[in-house]
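Use the sequences and the hints to build the structure in full.
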Amino acid sequence: MRFLGLLCLFFLPLLHAEPAADNTAEIPTSGLVPLRPPTEAQFAFLCLNNAKVAEVDALKASLVKWFRLNSPDEIRKFTYKPESQSFSWGIGRSRFVATLEALPVPNNDIRYAANNSLHWPDAEKQMLKHQANYTMTCVSIHRTPWHAALDLSHALAAFTETHDTTGIYWGDASIVHNPVSFLKQADYQLGSAKKVPSTLWVGILFESDTKGGWNIFTDGMRPLGHKDIEIHSSQLVRTTLFSTLNKTKHDVLTKQLTLKNDLVIDGDDASKWKVSTGASVIGKEKPVWILTQQ
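Per mature numbering (1 follows the signal peptide of the UniProt record, and there is no 0): the sequence shown = residues -17 to -1, 1 to 277.
Think of the hints as simulated: they come from the structure by calculation, not from any bench. Among the hints, a few may not be true.
In silico DSS-like cross-links for lysine-lysine, where the CA-CA straight-line distance does not exceed 25 Å [what the hints assert, rightly or not]:
1) K64 - K35
2) K243 - K167
3) K35 - K112
4) K230 - K257
5) K269 - K257
6) K269 - K194
7) K243 - K269
8) K210 - K243
9) K257 - K267
10) K43 - K108
11) K255 - K194
12) K167 - K43
13) K178 - K210
14) K238 - K177
15) K112 - K194
16) K167 - K238
17) K178 - K269
18) K238 - K194
19) K35 - K48
20) K112 - K178
21) K243 - K255
The structure is reproduced here in structure tokens:
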């Protein structure tokens, strides 16, 4: 419910707008691009050791740093509402809302995300200590979806370094990140020679298969504009499966690879995998890409 409430902050002003005058004759029609709705809102939880709110000037300075702005004047409509402990602002084509709750994310959610986070072995122990959290959302229009995820990462980075942060819970991926590791990976700008930090936004999860072996699947690809990817009932070791799926999802997100039915792709260990569309082994509603070893 809280997440739905945050989305309303983006769209309620549209419901109260005054009717526009009929000036259609004055509007040029050549070269117009058809309107389309904004991308699905992306969200994350910033888990904190306490509910202390950062100083506004320090937070603005950190946003300037992470978004490579010239000055705080480039931050649009920056607002803080003490009664709801909610920040809102805009940068570029993205709009953000961050609302503080002086309560932790439920333990069961933390345990699930921590168990999915192979990159942070101590995640459950550390994350269960947090005492408060921000829910942060980002809506960005006319953008490549992972570019919006990068904007959300930069906003989270600004809050991370200005608050007493326990960890970052990336909502659509159901994984958590250590603050130091998150800041290091989030230090990426479009056009950089560095590797796109897709591990921040997409989880790679395992479960034991009833027939033996492993099922492995991505979580978080769909908000980035792609089907999730799964491998079913594999007898390969987890490290090999992880490397294969990690490389595949990264190549898809960065447009180095376009998956399609019957395509055969290379795995991480010179193995071959055939691509097909099918039902998710974990019951996701939408079809997924399935990789089958050849």
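Quiz item: Hey, K230 versus K257, does the alpha-carbon distance stay inside 25 Å?
Solution: Holds, because 15 Å separates the two Cα atoms, which is no more than 25 Å.
Exercise. Starting from K178, check that the Cα of K210 is at most 25 Å away, please.
Key: Holds, at roughly 21 Å.
Self-check item: Agreement of K35 and K112 with the hint, judged by alpha carbon distance not exceeding 25 Å
Solution: 16 Å, holds
Quiz item: Can the restraint linking K35 and K48 be considered satisfied, given a maximum Cα separation of 25 Å?
Solution: With Cα atoms ~22 Å apart, K35 and K48 stay inside 25 Å; holds.
Practice problem: Take the C-alpha atoms of K257 and K267, compute the straight-line distance between them, and say whether it is at most 25 Å. | Solution: 21 Å, holds
Quiz prompt | 25 Å Cα cutoff - pair K210, K243 | solution = 11 Å, holds
Quiz item: Within 25 Å, alpha carbon to alpha carbon, are K178 and K269?
Solution: 29 Å, violated
Quiz prompt | Proposed proximity, K257 with K269 (alpha carbon, max 25 Å) | solution = 20 Å, holds
Quiz prompt | Agreement of K255 and K194 with the hint, judged by alpha carbon distance not exceeding 25 Å | solution = 22 Å, holds
Self-check item: Pair hint outcome, K238 versus K194 [Cα-Cα no greater than 25 Å]
Solution: Given that 25 Å is the threshold and the Cα spacing comes to 34 Å, the pair is violated.
Exercise. For the pair we were handed, K238 and K177, check the Cα-Cα distance against 25 Å.
Key: 15 Å, holds
Exercise. For the pair we were handed, K243 and K255, check the Cα-Cα distance against 25 Å.
Key: The given pair, whose Cα atoms are some 15 Å apart, holds under the 25 Å limit.
Hints 2, 10, 15, 17, 18, 20 from the list above are not met by this structure, while the remaining hints are.
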